[in-house]
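**Student:** Sequences and hints are given; from them, build the entire structure.
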Amino acid sequence: MINWHTCFFLLFATITCAFAVAVVVSANVVRMAVCLIASLAAVSGLYFLAVADFVAAMQLMIYVGGTLVLLVFGVMLTARGPFVSMKITPANWLMAGLAGGALLILLLCAATSVDAWKTAAVAASAPAAEGGHTVAPIGMALLGIRVDALEQANPALRGGIAGYLLPFEIVSVHLLVVLVGAAHLARARRRRRPAEAVPDASRSA
Amino acid sequence: MPLLNQPVSLSHYLLVGAILFACGIVCMATKRNAIGVLMGVELVLNGAAVNFVAFSAPFLRGDAELALGLDGHLMTLFVIVLAAAEAAVALAIALCYYNTHATIDVDQGDELRG
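In order, the protein sequences belong to chains B and R. Under my numbering, residues 50 to 254 are what the first sequence spells out, in order. Under my numbering, residues 2 to 115 are what the second sequence spells out, in order.
What the hints contain is simulated information worked out from the structure, not anything from laboratory work. Please note: incorrect hints may appear among the correct ones.
[Unchecked claim] Under the rule of at most 16 Å between Cα atoms (straight-line distance), these lysine to aspartate or glutamate pairs were calculated in the EDC-like manner:
no. : chain 1 : residue 1 : chain 2 : residue 2
1   : B       : Lys136    : R       : Asp106
2   : B       : Lys136    : R       : Asp108
3   : B       : Lys167    : R       : Asp64
**Tutor:** As structure tokens, then:
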């Protein structure tokens with residue numbers, strides 16, 4: 050029998066890693082953007098396989114549908130003629146490759162070091178248990194009520210089961226500040242004509 | 002390789018996260034296009050988010066009672082939202098850079114001037 054979970058995991062993981070490497074290797078920035086879109090969409094598939102349904106849907110909406118469209122807009126606004134490819138020297142590639150390779154080896158050693166992480170709790174052919182209904186619990190947790198851990202017998206652990214209302218409010222204000230700040234930074238500036246260059250002592254910059 | 006003949010577990014997800022992270026670091030280090038550097042930042046943040054989601058699934062690990070559960074999903078959501086906000090501001094900065102230097106090459110920004 051085919052283990053569809055493993056099959057789809059290998060498919061999504063291969064797409065993710067291959068397109069991530071393609072982002073690093075390609076010199077054309079538009080090609081990089083398309084490869085990044087494919088990589089992040091495959092990451093969303095990995096989230097669905099890990100029974101994180103709400104997070105996977107948000108990944109598709111926010112990353113693929115929002116952030117990457119924003120990046121493509123940025124690419125189009127900062128293009129100068131045909132897309133020039135800015136190459137870096139082989140010495141730079143060597144240094145970056147060494148640093149990245151060392152980091153990758155370190156992370157791989159850490160990922161395979163714990164025995165409990167290398168064995169799955171359920172059999173390979175069993176479906177992924179009761180899960181996939183995380184929207185309502187996440188919504189309630191963002192309002193401050195943890196419905197997945199309603200009672201905790203041990204009073205010492207009770208403080209760790211907190212709602213996420215404060216981070217939710219902080220992120221909301223953060224998004225407002227980011228919108229205002231980005232709009233202010235990227236505003237169109239009126240080009241100063243030479244006649245206006247006469248300094249007026251009372252006028253501030 | 003000990004991971005090739007076993008069902009999908011936490012280590013497999015951590016491998017994917019590690020590859021995404023390393024690709025993002027190399028992308029940030031080698032790209033001369035400012036938008037390319039931003040794509041590296043997105044890859045790094047996605048690598049971390051994959052780790053969070055993987056740690057939150059109880060069926061992927063042998064010690065299922067140590068799974069993060071909903072906390073991992075919420076952390077991932079905050080990572081995604083903050084990454085989107087940071088990409089917006091960084092793109093605004095890149096646009097300013099392009100308007101003042103007439104190029105998007107970050108190697109040309111080697112003078113401190115107003």
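**Student:** So, for every hint listed, does it hold in this structure?
**Tutor:** Hint check:
With a C-alpha separation of about 11 Å, the suggested pair B:Lys136 and R:Asp106 falls inside the 16 Å cut-off, and the hint holds. Straight-line distance between C-alpha atoms of B:Lys136 and R:Asp108 comes to about 11 Å, which keeps the hinted pair within the 16 Å bound. Proposed proximity of B:Lys167 and R:Asp64 is supported: the alpha carbons are some 10 Å apart, at most 16 Å.
The earlier numbered hints are all upheld by this structure, with none contradicted.
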